[in-house]
Amino acid sequence: MDNWKRNVWILFASQFLVLGAMTMIMPFLPLYVQELGVEGESQISLWSGVIFGANFLTAFLFSPFWGRMADRHGRKLMLLRSGFGMAVVIILTGFATGPWSLLGLRLLNGVVSGFIPAAIALVATNTPKEHVGYALGTLNSGAVAGAICGPLFGGLMAETLGFRMIFNITGVVILLAAFVVLFLVKEETKPEPSAKKEKSNAIKDFKKVTVHSPMLSLMLVGFLVQFALLGMNPLIPLFVQQLTSGGNVALFAGIAASVMGIANMLASPKLGKVGDRKGSHHVLYYSLIGAAIFSIPQAFVQELWQLIVLRFLLGLCIGGLLPSVNSLVKTLSPAGMESRTYSFSNSAVYLGNLLGPVTGGAIVAVVGTRGLFLFAGIILLISVAYVKRRVLPILDRKQAIYEAKEITS
Numbered sequence: 001m002d003n004w005k006r007n008v009w010i011l012f013a014s015q016f017l018v019l020g021a022m023t024m025i026m027p028f029l030p031l032y033v034q035e036l037g038v039e040g041e042s043q044i045s046l047w048s049g050v051i052f053g054a055n056f057l058t059a060f061l062f063s064p065f066w067g068r069m070a071d072r073h074g075r076k077l078m079l080l081r082s083g084f085g086m087a088v089v090i091i092l093t094g095f096a097t098g099p100w101s102l103l104g105l106r107l108l109n110g111v112v113s114g115f116i117p118a119a120i121a122l123v124a125t126n127t128p129k130e131h132v133g134y135a136l137g138t139l140n141s142g143a144v145a146g147a148i149c150g151p152l153f154g155g156l157m158a159e160t161l162g163f164r165m166i167f168n169i170t171g172v173v174i175l176l177a178a179f180v181v182l183f184l185v186k187e188e189t190k191p192e193p194s195a196k197k198e199k200s201n202a203i204k205d206f207k208k209v210t211v212h213s214p215m216l217s218l219m220l221v222g223f224l225v226q227f228a229l230l231g232m233n234p235l236i237p238l239f240v241q242q243l244t245s246g247g248n249v250a251l252f253a254g255i256a257a258s259v260m261g262i263a264n265m266l267a268s269p270k271l272g273k274v275g276d277r278k279g280s281h282h283v284l285y286y287s288l289i290g291a292a293i294f295s296i297p298q299a300f301v302q303e304l305w306q307l308i309v310l311r312f313l314l315g316l317c318i319g320g321l322l323p324s325v326n327s328l329v330k331t332l333s334p335a336g337m338e339s340r341t342y343s344f345s346n347s348a349v350y351l352g353n354l355l356g357p358v359t360g361g362a363i364v365a366v367v368g369t370r371g372l373f374l375f376a377g378i379i380l381l382i383s384v385a386y387v388k389r390r391v392l393p394i395l396d397r398k399q400a401i402y403e404a405k406e407i408t409s
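In terms of this note's numbering, the sequence shown has 276 at position 276, counting the first letter as 1, and numbering is strictly consecutive.
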């Protein structure tokens, strides 16, 4: 097996372990906050929201720094730094003594995080250009599979083992993923010697990266996708509760969430292959159209099965969004700055992760849960128009120039 294929499948498994471990804690985070002494529904909700978002805040701030380190010292090293660092921090989280110590550890976890961006950068820079879309799509499906299974296993284990033990198990699983990377992943594309000597800062790097049009537009699209779609996810149980008259709300909410993830996992590698043949920018454009089309009708469903079908169809479209953005980011990255470019792109995604649920909660408070789907659809339609105007024409010209050079050579 070629080394790039070997790396893809090893990191597929590693991302499954890391995302599965990280999402194990999500179902019971508010209950853990309560166990740490926080009382009252409003206080528990406030602390849970702040603690949940803290990880994304510091990840957003530190991602450019770790990207610069990756370009200087190697992407595999950043994978190991993140894997071993998160393992230690999450094990310590199981020993938190109160909400403030839990908040501090979540902030620290965001500082040392970056396993997924580092894996994307390593695969993108060590995969032949004609296979990058497929490789990144496969990598994405591993992360999504972990995100689907994590909450399920976390919920089951919390019932029998207790909340604190889950953090210990999570840390050990991430530690296992780090050792898998240490012994099995091979990084062939090493940093340029000039990158190690280069004096730079985040502002200079950002200017150098975004001068390559339409890089800034792609980062904005990544932000909008996460902002629109992640804003819906935490509030799906409330909508499921409205659609079901009886019990089993948690079960049905889990089904509604998991079908979207399963569809995403199935579609990502196939859409990645289409992107390799036809252009990832076209996959991004049509996937955005599909995501908008299947988001808006969710506001009008009357039965649970209708919601589940639409969530599955939405998941198929989501499989072509961020992997396509990541593939295009690799194509447009300046030589020797691939990891820094991905770090800025991922900072935009982290910002969407941070602001999406907050905005979604505010929208539900004002117009109700159904209005959230309309809002998401509008944001996605704006993204469609933006991509059509600011991304497709530029990348079509660049693709035509590249193909003409290939023919003449």
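What the hints contain is simulated information worked out from the structure, not anything from laboratory work.
Fair warning: this is a prediction, and the values are worked out from it, not measured in the lab.
Any given hint might turn out to be false.
[Unchecked claim] Below 20 Å or equal to it, Euclidean Cα-Cα: the simulated SDA-like pairs (lysine to any residue) are: (1) K204 <-> F28; (2) K278 <-> K207; (3) K398 <-> W9; (4) K278 <-> A362; (5) K273 <-> S258; (6) K129 <-> K204.
[What the hints assert, rightly or not] Quick list of the computed label-pair ranges, beta carbon to beta carbon: (7) K207 <-> V366: 25 to 33 Å; (8) T160 <-> R397: 52 to 60 Å; (9) I44 <-> R397: 23 to 31 Å; (10) G40 <-> G162: 19 to 27 Å; (11) F95 <-> L156: 16 to 24 Å.
The beta carbon of each residue, even a glycine, is placed where N, CA and C say it ideally should be.
Now the hints, each set against the structure:
Straight-line distance between C-alpha atoms of K204 and F28 comes to about 41 Å, which puts the hinted pair past the 20 Å bound. For the hint pairing K278 with K207, the CA-to-CA distance comes to about 30 Å; that exceeds 20 Å, so the pair is violated. Under the criterion of a C-alpha separation no larger than 20 Å, the hint pairing K398 with W9 is inconsistent with the structure, at around 31 Å. A hinted pair counts as satisfied when its Cα atoms are at most 20 Å apart, and K278 with A362 does not qualify at roughly 40 Å.
Straight-line distance between C-alpha atoms of K273 and S258 comes to about 24 Å, which puts the hinted pair past the 20 Å bound. For a cut-off of 20 Å, the pair hint linking K129 to K204 is broken: about 27 Å separates their Cα positions. Taking the beta carbon of each, K207 and V366 are about 38 Å apart, not inside 25 to 33 Å as hinted. Checked against the hint of 52 to 60 Å, the pair T160 and R397 passes, with Cβ atoms roughly 59 Å apart.
At roughly 53 Å, the beta carbons of I44 and R397 sit outside the given window of 23 to 31 Å. The hinted range of 19 to 27 Å is satisfied by G40 and G162, whose Cβ atoms lie roughly 23 Å apart. For the hinted restraint 16 to 24 Å between F95 and L156, the CB-CB distance of approximately 23 Å keeps it satisfied.
Hints 1, 2, 3, 4, 5, 6, 7, 9 from the earlier list are contradicted by this structure; the remaining hints agree with it.
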